[in-house]
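Visitor: With chain A fixed as given, assemble chain B with the ligands onto it according to the hints.
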Amino acid sequence: MIDEKLKWMLGKLPEWMNGEFTNKDDIVISSRVRLARNIKGFLFPSVASPEELVRLYYRIEDTLRSLKAIHGMRIYPAWELDELGRKFFVERHLASIDLFKKKEGSGVVIDESEKVSIMINEEDHLRIQCIYEDFKVEEAFIKLMEIDDEIGSMLNYAYKDTLGFITSCPTNIGTGFRVSALLHIPALFVSGKIEEILKETISSGIMVRGYYGEGTEVRGNIFQFSTSQTLGRSEEDIVQEFKTKIYDIAHNEKEARKELIEKNHTFIEDKVYRAYGILKNARMLSSLEVMELTSHLRLGISLGIIKEINYSTLNEIMLFQQPAHLQFKFGRTLKQEERDYLRSLFVRRKLTESGI
Amino acid sequence: MEELCEKCKKRKSEVELVEIVEGEKKLRKLCKICAHGEATGVSMSPVLPVKKEKEELGEENKICPNCGLSLFEFFKKTKVGCEFCYEAFGEPIIKLIQKIHGDTVHKGKKYTPKYRVTREFKMRVLERALKDAVEREEFERAAKLRDMLKSLQEEK
Ligand SMILES: [Zn+2]
Ligand SMILES: [Zn+2]
Chain A
49 MIDEKLKWML GKLPEWMNGE FTNKDDIVIS SRVRLARNIK GFLFPSVASP
99 EELVRLYYRI EDTLRSLKAI HGMRIYPAWE LDELGRKFFV ERHLASIDLF
149 KKKEGSGVVI DESEKVSIMI NEEDHLRIQC IYEDFKVEEA FIKLMEIDDE
199 IGSMLNYAYK DTLGFITSCP TNIGTGFRVS ALLHIPALFV SGKIEEILKE
249 TISSGIMVRG YYGEGTEVRG NIFQFSTSQT LGRSEEDIVQ EFKTKIYDIA
299 HNEKEARKEL IEKNHTFIED KVYRAYGILK NARMLSSLEV MELTSHLRLG
349 ISLGIIKEIN YSTLNEIMLF QQPAHLQFKF GRTLKQEERD YLRSLFVRRK
399 LTESGI
Chain B
466 MEELCEKCKK RKSEVELVEI VEGEKKLRKL CKICAHGEAT GVSMSPVLPV
516 KKEKEELGEE NKICPNCGLS LFEFFKKTKV GCEFCYEAFG EPIIKLIQKI
566 HGDTVHKGKK YTPKYRVTRE FKMRVLERAL KDAVEREEFE RAAKLRDMLK
616 SLQEEK
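Line by line, the protein sequences are chains A and B. With positions in the first sequence counted from 1, the corresponding number in our numbering is that position plus 48. With positions in the second sequence counted from 1, the corresponding number in our numbering is that position plus 465.
The set of hints was computed from the structure by calculation and includes no laboratory data. Cβ atoms here follow ideal geometry from the backbone N, Cα and C, with glycine treated the same way. Keep in mind that a hint or two might mislead.
[Claimed, not checked] Examples of chain A residues lying across from chain B (beta carbon under 7 Å, computed): (1) L91; (2) S97; (3) I190; (4) M193; (5) T210; (6) L211; (7) I214; (8) C217; (9) P218; (10) T219; (11) T223; (12) Q277; (13) L279; (14) G280; (15) R281; (16) S335.
[What the hints assert, rightly or not] Pairs of lysine-lysine residues, derived as BS3-like cross-links and limited to a Cα-Cα distance of at most 27 Å, are as follows: (17) K609/B <-> K291/A; (18) K247/A <-> K311/A; (19) K149/A <-> K494/B; (20) K135/A <-> K377/A; (21) K596/B <-> K191/A; (22) K241/A <-> K311/A; (23) K560/B <-> K88/A; (24) K541/B <-> K150/A; (25) K596/B <-> K291/A; (26) K544/B <-> K564/B; (27) K150/A <-> K135/A; (28) K383/A <-> K474/B; (29) K527/B <-> K560/B; (30) K544/B <-> K208/A; (31) K615/B <-> K116/A; (32) K579/B <-> K208/A; (33) K383/A <-> K328/A; (34) K151/A <-> K383/A; (35) K208/A <-> K572/B; (36) K151/A <-> K544/B; (37) K247/A <-> K477/B; (38) K572/B <-> K293/A; (39) K306/A <-> K544/B; (40) K596/B <-> K302/A.
Next comes chain A alone, as it looks inside the complex (with noise of 0.2 Å):
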């Protein structure tokens, strides 16, 4: 019931979960970027057939083996994944939802580092992702870049001067690309500020998403926000764009955060150790207050108030109580309430590890 094949990333986090925060105030927690790419002389997915699916699917397998880019490359064809086992993906960021709605022909390659994954038939033919810890930006848009050129000198893409790389949708057309975030910012959201803040930078181009991208809600006070334009700006514009966007929001959560400790201590305190109380303490706990939870513990660390936890014991502890980790790490399926209390061991083991 344990996929063998996914058991290797069972006792750890993926790269950018893991490490403590270079940019010291902890609201930028990871960085994305995503390109779109489809194959000439191939129907897109949502009108091949499966078995047209299957034929391009092993012909893409088969180029990206040989990619240079990715060290330690590990290829997950989606139909031999269950339930559990796609969901765990999910839950890495690893893939979609979408992917394996259907099964037939699609899949996703990642790397050693789960830096890198690779959707083979989701929406598009190829959709090829970078994640990096922080607001590594550059870092990842470049390894993005080195991976396409690499994948865009084997397979042939559809392209075309004017409308540049061809996708399913038109909302990705152009460069295919994409840079999204995921913010962590809960002063901005108890101060109530959030909203005025959400609006402008709705308004300015950039979505906003939840924790598992499109479509899903907010968790633990941590957004997605991502680009929209594919078309008529350059990746390099986009990049820098973005980050002027996301440095503002960054710097309106720091303002909230130093008005909230200053004007507001103890309440601030008081919701720390409350988190910490009901983590340390309760014998039932849902994904979702974990979620809710922690992220006022990771507030608290931030701005001094917890010592004793570091971020990489939140990220493990956010990574792994959600149920398709929780069921791997326990080596079985679980029913609701013995989920919720296994969470909450769990919990509290990790806490008790770290000493506090």
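Guide: For chain B with the ligands alone, kept in the frame of chain A given last:
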């Protein structure tokens, strides 16, 4: 009784979102927070403008000779069937693209199978990153960026 948000089932529902899934309208009642979380995906998605576009267009259908997808089917799914659909559908889809992106001409990477990102391009991007990192006192990152730049320089 107050109606609760469909999503979180915790907060009061205050926002009604119209979502179009496979051509079917679905009304969702959400709290402001959950609505922001996904919404913006919804309001920014091409689905709504496409619907409007169809009304403006009248009913002339077109069919892509390569994959057989019709313009009307495209309006429903908002996904084309192949690389030739854009040409086959012509003006209506170009208008839509203009609406979504505010532009109709590609200005990014000019692809050929031989295309390679230049060293100059990489250096320009990394130098900009380095400047930001230094400004923000992200010294660890700055050091790594300097290393990357150095090895690019040596590549020459
Ligand atoms: Zn809600
Ligand atoms: Zn077509």
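Visitor: Each hint needs a verdict: does it hold in this structure or not?
Guide: So, going through the hints one by one against the coordinates:
no. : hint              : verdict
1   : L91               : 5 Å, holds
2   : S97               : 11 Å, violated
3   : I190              : 5 Å, holds
4   : M193              : 5 Å, holds
5   : T210              : 6 Å, holds
6   : L211              : 6 Å, holds
7   : I214              : 4 Å, holds
8   : C217              : 5 Å, holds
9   : P218              : 5 Å, holds
10  : T219              : 5 Å, holds
11  : T223              : 4 Å, holds
12  : Q277              : 5 Å, holds
13  : L279              : 4 Å, holds
14  : G280              : 3 Å, holds
15  : R281              : 6 Å, holds
16  : S335              : 12 Å, violated
17  : K609/B <-> K291/A : 19 Å, holds
18  : K247/A <-> K311/A : 26 Å, holds
19  : K149/A <-> K494/B : 25 Å, holds
20  : K135/A <-> K377/A : 14 Å, holds
21  : K596/B <-> K191/A : 19 Å, holds
22  : K241/A <-> K311/A : 16 Å, holds
23  : K560/B <-> K88/A  : 24 Å, holds
24  : K541/B <-> K150/A : 19 Å, holds
25  : K596/B <-> K291/A : 13 Å, holds
26  : K544/B <-> K564/B : 16 Å, holds
27  : K150/A <-> K135/A : 14 Å, holds
28  : K383/A <-> K474/B : 21 Å, holds
29  : K527/B <-> K560/B : 15 Å, holds
30  : K544/B <-> K208/A : 18 Å, holds
31  : K615/B <-> K116/A : 22 Å, holds
32  : K579/B <-> K208/A : 15 Å, holds
33  : K383/A <-> K328/A : 22 Å, holds
34  : K151/A <-> K383/A : 25 Å, holds
35  : K208/A <-> K572/B : 12 Å, holds
36  : K151/A <-> K544/B : 19 Å, holds
37  : K247/A <-> K477/B : 20 Å, holds
38  : K572/B <-> K293/A : 21 Å, holds
39  : K306/A <-> K544/B : 46 Å, violated
40  : K596/B <-> K302/A : 21 Å, holds
Going through the hint list in order, the structure does not satisfy hints 2, 16 and 39.
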